[in-house]
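**Student:** This is what each chain is made of:
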Amino acid sequence: MSILDTVRRANRPGPPEHSVALRVACAGAVITGIAACRAEGELTWTVAGGATVLVAVGMFVSYRTRERPLPWIKPILAAAAVGAFIWFFEQLTGQVVYDVNTVENPLAVLFVWVQVAHAYDVPARRDLAFSLAGSTSLMAVAAAQAIDLGFGLYVVAWIAFGLVGLVAMWGSASEGGRLRAQGIAATLGVVAAISVVVLAVLPAPQVAGRIDYPARSAGGLDLPVPGGLAGDGGAASEPAKPGSPDGRSRVGGFLGFANRLDTALRGSLGSQVVMRVRAQRPSYWIGETFDDWDGVAWKANRNGRPLFAGSPFPVPGGAPVGAQPDLQTFYIAQPSPNLVFHADTAREVWFPARDLIFSDDSTIVSPIGLGPGAIYTVQSDVDTPTPAELRAANPDEGLLPSTRSKYLELPHPYPHVTALAVSITAHAPSAYDKVQALIAWIARHTRYSTDIPPLGPGQDTVDEFLFGNREGFCEQISTSMAVMLRSIGIPAREAVGYVPGPYNPITDLYEVEAKDAHAWVQVWFPGYGWQSFDPTASVPLANPTPGVTLLHDVAHALARLPWVAVAAVVAVAAVAMGALRWLRRRPRSWAEQVARRIERAGRAAGRRRLPQETLAEYASVLDRVAGDRSGTWRALADMAEASAYGGRHPTPETGRRALRSIPALRAATRRGARGGGPDGGPGPTAGASAPADAVGR
Amino acid sequence: MSPTAGRHAPAGAVRGGTRVPRPVRPFIPLLSSVTVLGAWALVAHNGGAGWVQAVGDIVAGTLLVGLVGPAAVVWRARLRVVDSPTDATAGMPVELLCAATTRVGVRPLEPSGPEAFVGPGRHTAADARATVTLLPGGRGVHHEVVAAVSSAAPFGLLWWTRRIVVRLPVALHVGPRLGAPLSLPPRPDDVGGSSTRRATTDVGEPRGVRPYHPGDNRRRVHWPATAHAAELMVREMEGPTAEPVTVTVRLPGDPAAAERLAERALGTVVALTDAGTPVVLDTVEAGGVRVAQVAGRRAAGRRLARTVDGHTRSEGVTVTPAPRARTAGRVEGATR
Numbered sequence: 034m035s036i037l038d039t040v041r042r043a044n045r046p047g048p049p050e051h052s053v054a055l056r057v058a059c060a061g062a063v064i065t066g067i068a069a070c071r072a073e074g075e076l077t078w079t080v081a082g083g084a085t086v087l088v089a090v091g092m093f094v095s096y097r098t099r100e101r102p103l104p105w106i107k108p109i110l111a112a113a114a115v116g117a118f119i120w121f122f123e124q125l126t127g128q129v130v131y132d133v134n135t136v137e138n139p140l141a142v143l144f145v146w147v148q149v150a151h152a153y154d155v156p157a158r159r160d161l162a163f164s165l166a167g168s169t170s171l172m173a174v175a176a177a178q179a180i181d182l183g184f185g186l187y188v189v190a191w192i193a194f195g196l197v198g199l200v201a202m203w204g205s206a207s208e209g210g211r212l213r214a215q216g217i218a219a220t221l222g223v224v225a226a227i228s229v230v231v232l233a234v235l236p237a238p239q240v241a242g243r244i245d246y247p248a249r250s251a252g253g254l255d256l257p258v259p260g261g262l263a264g265d266g267g268a269a270s271e272p273a274k275p276g277s278p279d280g281r282s283r284v285g286g287f288l289g290f291a292n293r294l295d296t297a298l299r300g301s302l303g304s305q306v307v308m309r310v311r312a313q314r315p316s317y318w319i320g321e322t323f324d325d326w327d328g329v330a331w332k333a334n335r336n337g338r339p340l341f342a343g344s345p346f347p348v349p350g351g352a353p354v355g356a357q358p359d360l361q362t363f364y365i366a367q368p369s370p371n372l373v374f375h376a377d378t379a380r381e382v383w384f385p386a387r388d389l390i391f392s393d394d395s396t397i398v399s400p401i402g403l404g405p406g407a408i409y410t411v412q413s414d415v416d417t418p419t420p421a422e423l424r425a426a427n428p429d430e431g432l433l434p435s436t437r438s439k440y441l442e443l444p445h446p447y448p449h450v451t452a453l454a455v456s457i458t459a460h461a462p463s464a465y466d467k468v469q470a471l472i473a474w475i476a477r478h479t480r481y482s483t484d485i486p487p488l489g490p491g492q493d494t495v496d497e498f499l500f501g502n503r504e505g506f507c508e509q510i511s512t513s514m515a516v517m518l519r520s521i522g523i524p525a526r527e528a529v530g531y532v533p534g535p536y537n538p539i540t541d542l543y544e545v546e547a548k549d550a551h552a553w554v555q556v557w558f559p560g561y562g563w564q565s566f567d568p569t570a571s572v573p574l575a576n577p578t579p580g581v582t583l584l585h586d587v588a589h590a591l592a593r594l595p596w597v598a599v600a601a602v603v604a605v606a607a608v609a610m611g612a613l614r615w616l617r618r619r620p621r622s623w624a625e626q627v628a629r630r631i632e633r634a635g636r637a638a639g640r641r642r643l644p645q646e647t648l649a650e651y652a653s654v655l656d657r658v659a660g661d662r663s664g665t666w667r668a669l670a671d672m673a674e675a676s677a678y679g680g681r682h683p684t685p686e687t688g689r690r691a692l693r694s695i696p697a698l699r700a701a702t703r704r705g706a707r708g709g710g711p712d713g714g715p716g717p718t719a720g721a722s723a724p725a726d727a728v729g730r
Numbered sequence: 010m011s012p013t014a015g016r017h018a019p020a021g022a023v024r025g026g027t028r029v030p031r032p033v034r035p036f037i038p039l040l041s042s043v044t045v046l047g048a049w050a051l052v053a054h055n056g057g058a059g060w061v062q063a064v065g066d067i068v069a070g071t072l073l074v075g076l077v078g079p080a081a082v083v084w085r086a087r088l089r090v091v092d093s094p095t096d097a098t099a100g101m102p103v104e105l106l107c108a109a110t111t112r113v114g115v116r117p118l119e120p121s122g123p124e125a126f127v128g129p130g131r132h133t134a135a136d137a138r139a140t141v142t143l144l145p146g147g148r149g150v151h152h153e154v155v156a157a158v159s160s161a162a163p164f165g166l167l168w169w170t171r172r173i174v175v176r177l178p179v180a181l182h183v184g185p186r187l188g189a190p191l192s193l194p195p196r197p198d199d200v201g202g203s204s205t206r207r208a209t210t211d212v213g214e215p216r217g218v219r220p221y222h223p224g225d226n227r228r229r230v231h232w233p234a235t236a237h238a239a240e241l242m243v244r245e246m247e248g249p250t251a252e253p254v255t256v257t258v259r260l261p262g263d264p265a266a267a268e269r270l271a272e273r274a275l276g277t278v279v280a281l282t283d284a285g286t287p288v289v290l291d292t293v294e295a296g297g298v299r300v301a302q303v304a305g306r307r308a309a310g311r312r313l314a315r316t317v318d319g320h321t322r323s324e325g326v327t328v329t330p331a332p333r334a335r336t337a338g339r340v341e342g343a344t345r
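Heads up: the protein sequence lines correspond to chains A and B, in order.
Using this note's numbering, you'd call the opening residue of the first sequence number 34 and step up by one each time.
Using this note's numbering, you'd call the opening residue of the second sequence number 10 and step up by one each time.
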């Protein structure tokens with residue numbers, strides 16, 4: 034066979050497909066893919082709605098013309114597909130491909146139009162299989178933009194359509210084959226198990242593609258105070274007061290992210306997701322730093338300089354030695370402070386604004402408000418020097434004297450704090466060892482609590498924490514450490530931002546909640562810059578793998594399940610299923626009842642009814658087993674057969690009496706089977722006779 | 010391969026069958042799946058989107074089940090022949106009633122036949138049976154059928170097949186086609202009787218009644234005549250008027266030639282028996298030469314089905330007068 038013949042044979046149209054279930058499932062899978070793309074913002078409502086209608090119409094037309102496909106439709110569809118490709122390449126021409134909208138949105142539109150064109154020419158099973166496979170591409174494009182678990186609804190719907198379609202495909206290919214309920218359950222179970230195993234063993238996705246530096250504005254308005262930190266009302270921030278669980282303070286500013294960090298404030302933050310972060314590794318995402326401590330609050334003396342470079346913004350400053358690149362994309366979920374959070378040290382920022390305000394202390398301020406839907410990307414150079422390298426560094430070097438004095442300044446002498454710090458670090462030879470000694474002492478001698486008494490007037494936060502109750506949260510703990518470091522001549526500052534938050538292995542995003550706002554200490558090491566130390570809690574910074582995280586999450590979820598309620602639901606479901614089963618198997622007629630009881634009695638006596646035996650024959654056998662010469666079982670069987678096949682039904686009273694006589698008969702039969710035998714066996718007990726007015730006798 | 014009389018599979022062996030399922034034309038499905046998954050893995054790994062990886066894992070699981078699952082289905086499928094005929098003719102379809110534990114395609118290989126689907130389906134019960142048709146190409150005796158069972162469950166992505174040997178409930182004797190008979194000498198006419206116009210009758214039809222002779226079959230007693238004649242009377246059956254002949258069949262080694270000769274032999278036997286001539290068939294079977302009278306086409310077909318070929322020096326079909334003694338014994342295929 035020549036190559037041309039092989040190609041012709043491969044492209045030969047298949048037999049028409051008559052299965053409606055397969056067509057509906059394929060259409061459903063494609064439409065679900067379209068809906069998923071629409072939900073992720075890759076299609077407009079017009080395109081999505083129009084494509085849905087056209088796909089449905091196309092599938093219907095294909096079904097009606099499956100026996101004789103329209104000959105002129107293929108050229109038209111081919112021209113439409115070529116036109117879609119030409120449009121796609123035109124969309125990309127001249128675009129700077131770094132924004133999500135420049136590639137993935139036209140790609141989604143292209144896939145949709147190819148599916149629409151294909152829907153009009155799917156007469157055979159093979160064509161429908163291509164449609165089903167095509168819906169996979171739509172789901173892939175939508176999944177690339179999904180950042181929360183809500184996308185799972187579309188995945189579930191698409192899986193359902195896909196599996197129904199595949200099973201229907203088998204049913205059509207096997208001329209009526211079907212999977213039983215157990216087979217379907219086993220198939221779903223195996224697919225799920227394999228999916229989980231593959232998810233667990235595959236390495237975590239990397240954010241490495243040049244194409245994926247998204248930045249999107251959510252309609253944030255310009256803020257009136259350049260470089261100022263915005264309150265949620267759009268004005269420059271004011272000293273924050275305890276506010277709502279999502280961090281807003283109601284009077285302006287966001288709790289912890291204002292021009293002042295007031296450690297006297299008490300409050301608790303909630304679990305609302307404020308942003309989601311896709312990053313190559315977990316980091317502390319720094320928002321701003323503070324250098325001026327007054328005994329109660331931190332203030333920032335920063336000189337912000339606007340940079341009008343346009344996106345991407347190069348961050349002034351050099352890269353630390355031996356730094357590793359780290360790309361992070363931030364998806365804002367709640368109205369947020371106009372700080373550009375990032376892993377230290379930011380190098381390049383893709384931000385949807387014409388300018389950004391940079392400060393020397395790593396603070397990056399946005400000129401526009403950041404609301405839900407805003408996206409920006411930061412390329413950072415993360416430096417992780419070894420302890421030996423830090424031990425070798427001398428904090429007295431590398432900073433200008435004026436700068437150094439700023440980070441050693443204290444509002445007043447802390448004699449007790451200084452004496453404590455000196456005693457703790459007496460045996461630490463290097464600055465790094467001193468830092469570690471202080472962290473170890475804090476871990477041993479203080480306790481973490483958000484429920485601490487308010488600070489009285491004139492009280493100093495550090496004195497109260499170290500020499501008072503020794504209870505506090507991140508602000509008290511980190512401030513105390515910073516003050517202790519300054520008191521022994523080590524430059525230190527306060528940093529605020531967010532810890533990574535829980536990692537979602539499905540979306541591959543860190544879900545940062547309001548309560549993940551955190552304060553920690555930064556210490557200057559020449560050659561390595563400001564290094565972060567968190568004395569508050571030991572947060573593991575190991576790179577999580579999706580599989581391990583998933584297993585841990587599953588185990589935690591199982592442990593948190595309300596087992597009593599689950600057991601109750603399972604019990605109720607079992608009872609309901611048992612009741613349904615009993616209802617279905619319950620004999621519908623009196624004759625069926627009698628027949629079942631006769632068979633049950635025979636089984637109890639060790640004599641099952643043979644397939645070729647009629648009920649009357651079986652009853653006669655039971656009479657012999659019971660030694661009943663009057664043929665009581667036979668009389669009952671004759672009544673039942675007359676009722677079932679002859680339409681001669683007994684009166685209700687007769688029927689009831691007949692049923693009531695069965696237990697005694699059954700006992701007699703069992704006795705006969707055990708000892709008597711057919712001849713000479715005990716006769717039926719009194720009252721166990723068939724009703725005298727039995728119909729048909 | 011010429012039909013071999015009395016083929017038997019040794020106990021416990023699977024002659025002609027393989028226990029290992031194998032895929033049918035797997036290149037394109039496998040290549041497509043590997044390409045899709047490879048492209049997906051590349052995009053997911055470098056796209057940084059966890060949902061892409063999650064959806065890709067589901068696709069991978071589905072493809073794996075769809076490509077490998079049918080092998081397990083075929084491995085576990087069990088096929089049995091519920092009912093089969095005892096006699097057939099070469100080249101004519103033979104229908105077997107089969108049942109399977111799961112829905113599979115069954116294609117007979119030895120003897121060959123078209124594919125049919127057997128097993129529970131949407132419109133059939135769990136123990137539903139279906140007909141599988143055999144098209145035996147030549148004569149022979151079959152105690153089992155070699156078939157290929159195939160399935161693509163649950164998703165229809167890739168078909169897997171396995172050869173199995175299925176025992177028939179009764180041996181299937183495939184006789185040769187009815188060929189042209191040899192040219193036979195004219196039968197001498199039976200001049201007995203006075204009627205100038207005689208209607209022909211078949212051998213075995215009642216002819217009249219006569220008095221009982223010791224040794225007559227008691228079932229042939231004609232009671233009305235007995236009552237009328239006041240002595241025991243029995244029915245007299247029409248007997249063959251022609252002289253018995255022996256049809257000697259020696260088949261050549263070439264299977265095609267043997268088949269043609271067997272067809273002529275059958276045609277000759279049928280022509281003779283239709284004319285009322287007792288026929289003694291002399292054939293060579295696996296156990297040796299067998300000489301016995303045959304009553305009709307069915308018995309002759311069975312004998313020829315068991316005949317082996319190429320075991321003698323002389324070939325051909327000959328018709329010779331048979332000794333009376335040969336015809337006095339048991340007649341194969343005669344009805345009582």
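Note that these hints are calculated values from the structure, not bench results.
Each hint should be verified, as a subset may be incorrect.
Calculated from the model, a selection of chain B residues having no Cβ within reach of chain A, i.e. all distances over 12 Å [what the hints assert, rightly or not]:
#1 45
#2 64
#3 66
#4 245
#5 295
Just the calculated beta-carbon pair ranges, DEER-fashion [unchecked claim]:
#6 40(B) to 101(A): 28 to 34 Å
#7 102(B) to 101(A): 30 to 36 Å
#8 101(A) to 189(B): 46 to 52 Å
#9 92(B) to 101(A): 28 to 34 Å
#10 225(B) to 622(A): 37 to 43 Å
#11 40(B) to 89(A): 43 to 49 Å
#12 343(A) to 40(B): 53 to 59 Å
#13 92(B) to 112(A): 55 to 61 Å
Glycine included, every Cβ here is placed at the ideal spot set by N, Cα and C.
**Student:** Compare the structure with each hint and give your call.
**Tutor:** Results of checking the hints against the structure:
Not every C-beta of chain A lies more than 12 Å from that of residue 45(B), the closest at about 8 Å, which undercuts listing it as non-interface. Taking the minimum C-beta to C-beta distance to chain A, about 5 Å, the non-interface status of residue 64(B) is violated against the 12 Å cut. Against the 12 Å criterion, residue 66(B) falls within the reach of chain A, whose nearest CB is about 4 Å from its own CB. Once the 12 Å rule is applied to beta carbons, residue 245(B) is consistent with being away from chain A; the minimum gap is 42 Å.
Listed as a non-interface residue, residue 295(B) keeps its Cβ farther than 12 Å from every Cβ of chain A; the least gap is roughly 39 Å. Checked against the hint of 28 to 34 Å, the pair residue 40(B) and residue 101(A) passes, with Cβ atoms roughly 32 Å apart. The given range of 30 to 36 Å is respected by residue 102(B) and residue 101(A), whose C-beta atoms sit roughly 32 Å from each other. Distance hint check: the CB atoms of residue 101(A) and residue 189(B) are about 48 Å apart, consistent with the given range 46 to 52 Å.
Between residue 92(B) and residue 101(A) the beta carbon distance is about 41 Å. The supplied range of 28 to 34 Å is therefore violated. For the pair residue 225(B) and residue 622(A), the beta carbons lie near 59 Å from each other, so the given range of 37 to 43 Å is not met. Taking the beta carbon of each, residue 40(B) and residue 89(A) are about 32 Å apart, not inside 43 to 49 Å as hinted. One distance hint, 53 to 59 Å for the beta-carbon pair residue 343(A) and residue 40(B), is violated here, with the actual separation near 46 Å.
The hinted range of 55 to 61 Å is satisfied by residue 92(B) and residue 112(A), whose Cβ atoms lie roughly 58 Å apart.
Figure legend: structure checked against the earlier numbered hints; hints not met, in rising order: 1, 2, 3, 9, 10, 11 and 12.
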